[in-house]
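S.K.: Residue-level listing of the chains:
Protein chains: 4
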Amino acid sequence: MALAAVCELQRSLVARIERLHPQARVIQNYSEILDDPKIDAVLIATPVSSHFSLALAALRAGKHVFVEKPLASSTEEAMQLADEAHSRRKVLMVDHVFVYTPAVRRIRKLIDEGAVGRLYYYDSVRVNLGLFQQDVNVIWDLAVHDLAIMDFLIDERPTMVSAIAAAHVHGRRENIAYLNCFFDSGFTVHVHVNWLAPVKVRQTLLGGSRKMIIYDDLEPDEKIKVYDRGVDDNDQANPMLQFGYRLGDMWSPMLDRTEALLSAVQHFGECIYSGSAPTTDGRCGVRVVQMLEAASRSAAMQGRPVPVEGRKPAAIE
Amino acid sequence: MALAAVCELQRSLVARIERLHPQARVIQNYSEILDDPKIDAVLIATPVSSHFSLALAALRAGKHVFVEKPLASSTEEAMQLADEAHSRRKVLMVDHVFVYTPAVRRIRKLIDEGAVGRLYYYDSVRVNLGLFQQDVNVIWDLAVHDLAIMDFLIDERPTMVSAIAAAHVHGRRENIAYLNCFFDSGFTVHVHVNWLAPVKVRQTLLGGSRKMIIYDDLEPDEKIKVYDRGVDDNDQANPMLQFGYRLGDMWSPMLDRTEALLSAVQHFGECIYSGSAPTTDGRCGVRVVQMLEAASRSAAMQGRPVPVEGRKPAAIE
Amino acid sequence: MALAAVCELQRSLVARIERLHPQARVIQNYSEILDDPKIDAVLIATPVSSHFSLALAALRAGKHVFVEKPLASSTEEAMQLADEAHSRRKVLMVDHVFVYTPAVRRIRKLIDEGAVGRLYYYDSVRVNLGLFQQDVNVIWDLAVHDLAIMDFLIDERPTMVSAIAAAHVHGRRENIAYLNCFFDSGFTVHVHVNWLAPVKVRQTLLGGSRKMIIYDDLEPDEKIKVYDRGVDDNDQANPMLQFGYRLGDMWSPMLDRTEALLSAVQHFGECIYSGSAPTTDGRCGVRVVQMLEAASRSAAMQGRPVPVEGRKPAAIE
Amino acid sequence: MALAAVCELQRSLVARIERLHPQARVIQNYSEILDDPKIDAVLIATPVSSHFSLALAALRAGKHVFVEKPLASSTEEAMQLADEAHSRRKVLMVDHVFVYTPAVRRIRKLIDEGAVGRLYYYDSVRVNLGLFQQDVNVIWDLAVHDLAIMDFLIDERPTMVSAIAAAHVHGRRENIAYLNCFFDSGFTVHVHVNWLAPVKVRQTLLGGSRKMIIYDDLEPDEKIKVYDRGVDDNDQANPMLQFGYRLGDMWSPMLDRTEALLSAVQHFGECIYSGSAPTTDGRCGVRVVQMLEAASRSAAMQGRPVPVEGRKPAAIE
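Chains as they are written, first to last, in the working numbering: chain A, 1 to 317; chain B, 1 to 317; chain C, 1 to 317; chain D, 1 to 317.
Chain A with its partners taken away, still in its complex shape (with noise of 0.2 angstroms):
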């Protein structure tokens, strides 16, 4: 792989990207880039509203097309993307980033391996003092990233999603919300993302009946602890009995430091030469952008839970 061209429309960034990337064209007109036959892929980095018309436009023209997260700012657009792709046989990958971290691969490591046992919960705080965003809420730029996770993490697709949001800067958007996501077997999963909040936060709990897990993105060192602690529910028969605490060690696995960003610049270059399908295809795409939508939908209604669309984009399945 080689970054052939980068399209720019902010001209005062355009010298800076010269530099770093001599060996880069800079232009202004993305149809350059669609035309160019040397070219087999294309990154999409803009404001989520711009991904569905730039995506579309360069599965048509026959690229393979790795866009931000979330997909698309609807799940209809998002369905239409993976559907075209599939169709056209090429890669659509979305850069759900914190799938491609070592943190988070050793948790799904963890899970698989059964040292989680059965998932109680999981539980993420996501605040800081953050850019308010133009085209987005706080769900669809920070929520967004712990609807990836848990979609990674566990096989199991919520019902129900809800959420509660509050704009408290005049004339801007939700900056503040609270989303929870409902599951046949009992796991739940809530999250609480805030740009107005003194400090940052990048805290995650994932409880299950083994071993419970402390992710902290903000650790420099020991990003995730593994307590051996919780109640065990020996008689389950006989619910009046005691049961007993069980209070053991922690332990913090070394994780390598690899660059979450060019992990999965690495996996998408792997699946446009194998053909294979990306870890956050399309389908994974659409099924986050579902659960975003669902809870937009239920933030309208004050935390009225709302069904997650059960549709599968059908060309796919």
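Keep in mind that the hints were calculated from the coordinates and are not lab data. A hint or two may mislead.
Put simply, identical chains are the same to the list, so a pair is met inside one copy or across any two.
Mimicking DSS-like on lysine-lysine, the simulated pairs with C-alpha atoms at most 27 angstroms apart in a straight line are [as the list claims (entries may be wrong)]:
1) K225 to K109
2) K90 to K38
3) K63 to K109
4) K225 to K200
Following the hints, put chains B, C and D in place on chain A, whose structure we already have.
M.R.: Okay, now just chains B, C and D, sitting in the frame of chain A:
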């Protein structure tokens, strides 16, 4: 004030109480206390379900009453207690113990002085690997603290409450819950309580237009941190203009180290002598139980918001 | 064991002691205790300068003796106490209280099992805004803890001790000190103690060839963290070859929550009944006082190392 | 200022430098730089042992010189460089990089304003699992930072320096050291540096009669915390009177986020244009090397204090 008698049914504790309080009688029959004309006041620290009958009997016997939180297990009962105390001119105080901590009192002072500005949100995390209660779930055991703090900090009353709760251990009450309060002013309250977390967290964020506060009750010295951070929303007429981010100093006021329970009991004594109403009187206890009840109803409907019963105890208005 | 009598000269404390220990006599005359044949053992918790005379009198009166750290204010005195206890076959125990904590015991176990490997260094920070003692400086008040821990953890004795100390408050004893112990094996010990620090710190690093340990006594749960990190010094024959850095997992063993003072007193009782020597017996007390004395001599010479007096109490060898 | 040429002997790095700095020549022969009349200034970032010859040659070639810390590997060499720069009227600046951080500059301001009061102590811990340097030990690699900070913060010069150092890895330089500086005023400085610690720590305590400061360079936002805590030594005439402990607020000033190296290079440029002396000029570099040299001599004598050479570079007085 002096301790005259302790009523303890658990035989194994009697010796220990006698050793700690050699001047007090240790009895098994509650009516001995009610019948003793030299006893002016009764402190009730029993399971929630017994608060109502024990407190009512004490009030009817002409005693002043101090009850652990929450005041009772239903609004109906709580209101009856408040009415009874009012009509008999006895002091009824509910032990919302955080209201008597130097930290919460200092936050109230900051709000009153206008330092915090317009209140945006109250967000609290109160989790640990905790004792599963037999007669109440985690909302009535832990979220009650935040409802009591919030009731003390702000004058506005919520219009609706919603809650989501889940029981992850077979045959046990709900161990995890997320509770929201909705206010006409746009202020939002969120509380996360959990008996099944690997570590103990007691952290509250209070966001306002002028300052943001982090209150961490586990910090030995710096329980309160006041941040001069936020978004300056200068031009409300033209929201398209960029607003500025404010990144100022942090300040942690020294707090005195008074023991909250001691302050609460002293306050109870002063109210008896002066005839004044306690800060956390029967009406306050009713308000908190109303919110707890609304939360329980909402939790049964997966978080649909429920109006908080507006009726105030008629007799005491 | 039962508490028979408490000798307390401060009148203001008598009532409180009587309330807490109604079964014990509270007296002002120490000889009443020594003369009472029903009293077998004496616990001495008084200023350091009085340890020697009080303990000696008790041993001579045929009592077993438990003394707060340090055993005495000079090697000479400490040795005389050890000799006296030995010749009278009485138990003399010094309350090096950290030796009886689950954390220090666990570290000892890790060392004994070989998990830590060859010991490199012990580095301790023990600072806070503390009570300036009247009769001892910060070395005898705080560094004594680390010398006692080190004496327990390792079998090697230091050959030399050095210390630097400074008194920053007019007319007061030294409030800050840095103490070093030198060992033939190359192991190094460093202790920083300070009564004039803004916050409380109790943190010890223990470096070894196989593992490194952080022991933080203020952590509620994770007091010990064991790191699989270091430098692999594979080819000692050819130091020019690059060695490898080892960056492995961290592990925090769960510790029981036994109260150290309780464990110490129980151990004292067991030694009386069994006739065995306590872990922190008179000889141990002598060793620690020898190091403290060497530290004081070094501090008077701005840190010139001073040999630790090698002579062991003759009678007990 | 513009980058004209980079001299890099390591072939493997040449391509990367060329990509990052397409406008600069990448050469292997240092004299090409010295001979180029269009080059006014040279930045030297090489192993310590080469600083002297490279800087001297540059000064003799009429260049202004910016050298990484420490200025040279001996006082003799450092003084010769300072003299050379002085006599040729060239700017010689040593990159004591922490002197150009917003945090250290703010601490200096607090001292200058009198907020800290009389200075009691500076205590610094600078440890991590670090790269063992080939040509210098941990004192010359890490403690140099604290000596440079201290030289900037206070005007008093130490009379003596002592140090203890140990090499725990066979065939390698000292990886752990403790360094002290002694001052006539009673101010004390202590520095703990370690290449073999399990975690990274960068924490400095600065104690004064009015305020105490904690400076933690790893904190993202609150690098400086100012505590209104201490001991009020009111009645110096009668030290037997109890003094009072002061337990006041903590305050963390917001710091700007200027990159220190950038500030340093800008300062270098300004000094060239204006002809003024840099904050960290040759004399400053000499002072720090004098302390490093005294520390090395002391470490060879297990911490016996060594006077700091008082002679200042004659030519520049």
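S.K.: For each hint, tell me whether it holds in the structure or not.
M.R.: Each hint tested on the structure:
no., hint, verdict
1, K225 to K109, "both (14 angstroms within a copy, 23 angstroms between copies)"
2, K90 to K38, "within (16 angstroms within a copy, 54 angstroms between copies)"
3, K63 to K109, "neither (33 angstroms within a copy, 58 angstroms between copies)"
4, K225 to K200, "both (19 angstroms within a copy, 14 angstroms between copies)"
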